[in-house]
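**Student:** Sequence:
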Amino acid sequence: MTTTQESTNQTVINATVVYVKQELAGAEGGHDWWHIYRVWQQARQIALHEEVDTLVVELGALLHDIADSKFHGGDEEIGPVKAAAFLRSLGVRDAVIEPVTQIIRHISFKGGNEAHTYWSAELAVVQDADRLDALGAVGIARAFNYGGFRNRALYDPAIAPDMHMTKEAYKTSASPTINHFYEKLLLLKDRMNTPTGKALAEERHAFMELYLAQFYREWNGQVK
249 MTTTQESTNQ
259 TVINATVVYV
269 KQELAGAEGG
279 HDWWHIYRVW
289 QQARQIALHE
299 EVDTLVVELG
309 ALLHDIADSK
319 FHGGDEEIGP
329 VKAAAFLRSL
339 GVRDAVIEPV
349 TQIIRHISFK
359 GGNEAHTYWS
369 AELAVVQDAD
379 RLDALGAVGI
389 ARAFNYGGFR
399 NRALYDPAIA
409 PDMHMTKEAY
419 KTSASPTINH
429 FYEKLLLLKD
439 RMNTPTGKAL
449 AEERHAFMEL
459 YLAQFYREWN
469 GQVK
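Here the sequence shown stands for residues 249 to 472, where the numbers follow our numbering.
It is worth saying that the hints were derived from the structure and are not from the lab. These numbers were taken from a predicted model, which means no experiment stands behind them. Misleading hints may appear alongside valid ones.
[Claimed, not checked] Taking CB as the label site, the calculated pair distances span:
(1) Tyr459 / Ser255: 24 to 30 Å
(2) Glu254 / Ala275: 29 to 35 Å
(3) Ala401 / Gly469: 17 to 23 Å
(4) Ala406 / Gln470: 18 to 24 Å
(5) Leu338 / Ala385: 31 to 37 Å
(6) Ser337 / Tyr459: 40 to 46 Å
(7) Tyr285 / Leu402: 23 to 29 Å
(8) Gln462 / Gln270: 36 to 42 Å
(9) Met411 / Ala273: 49 to 55 Å
(10) Gln253 / Ala369: 18 to 24 Å
(11) Gln462 / His297: 14 to 20 Å
Think of the CB as a built atom: it goes at the ideal place given N, C-alpha and C, for glycine as much as any other residue.
Assemble the whole structure, with the sequences as input and the hints as a guide.
**Tutor:** Shown next, in the form of structure tokens:
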């Protein structure tokens with residue numbers, strides 16, 4: 249890559265950072281700029297070990313939640329459309345815009361039974377980075393923050409996790425936050441794409457298991 253191209257790419261990335269910060273100002277704390285920042289930085293680190301287009305990876309990470317469907321009535325196309333329009337305004341080539349919008353369209357976990365209809369090395373990297381942010385200490389914090397945002401119960405022993413949800417059932421679920429660990433978070437370790445992502449997920453998964461064990465001890469008033 250020439251120095252001129254690197255400079256152009258960096259200008260596009262810098263403009264995208266400014267745009268995303270503006271668009272997500274006041275967003276729910278688990279899907280705000282700082283979520284984007286963590287995914288962006290993690291994706292850059294994973295990309296060091298993969299053969300990928302780094303511009304597509306960085307833009308995909310920065311724009312992956314520019315209009316998350318869960319905050320837009322379930323509309324899964326608003327994000328890709330919004331991102332494409334922004335990138336075109338910067339003069340970004342269609343050869344970059346297309347894979348970026350595909351990342352946005354296909355990155356999300358949509359329930360245990362959702363089939364994969366698109367894959368790219370760049371999607372694999374950004375998806376791993378996004379999934380890592382749903383694991384470990386940060387993932388726990390994000391889960392309860394979103395649960396509070398939706399006024400969901402912390403836990404209800406009478407409501408069992410639904411491990412066979414359809415895509416639509418997953419999108420509309422209002423189950424307690426603890427159930428979300430079983431319906432999504434604890435499943436992610438085995439769905440990572442890259443060697444780096446898999447290694448990092450193992451540690452964060454183990455931390456969540458320790459947390460859940462402690463949660464149940466405290467919930468039931470147990471003492472050591």
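**Student:** Does each hint hold? Answer for all of them.
**Tutor:** Hint-by-hint comparison with the structure:
Between Tyr459 and Ser255 the beta carbons are some 45 Å apart, a value that contradicts the proposed interval 24 to 30 Å. One distance hint, 29 to 35 Å for the beta-carbon pair Glu254 and Ala275, holds here, with the actual separation near 31 Å. The hinted window of 17 to 23 Å between Ala401 and Gly469 holds, with their beta carbons roughly 18 Å apart. Between Ala406 and Gln470 the Cβ separation comes to about 20 Å, which falls inside the hinted range of 18 to 24 Å.
Range check, Leu338 to Ala385: about 35 Å between beta-carbon atoms, so the 31 to 37 Å window is met. Taking the beta carbon of each, Ser337 and Tyr459 are about 43 Å apart, inside 40 to 46 Å as hinted. Distance hint for Tyr285 and Leu402: a CB-CB separation of about 27 Å, consistent with the stated range 23 to 29 Å. Distance hint for Gln462 and Gln270: a CB-CB separation of about 39 Å, consistent with the stated range 36 to 42 Å.
Taking 49 to 55 Å as the suggested C-beta distance range, the pair Met411 and Ala273 does not conform, at roughly 37 Å. Checked against the hint of 18 to 24 Å, the pair Gln253 and Ala369 passes, with Cβ atoms roughly 20 Å apart. Under the hint 14 to 20 Å, the C-beta atoms of Gln462 and His297, about 33 Å apart, miss the expected range.
The structure is inconsistent with the numbered hints 1, 9, 11, although it conforms to all the rest.
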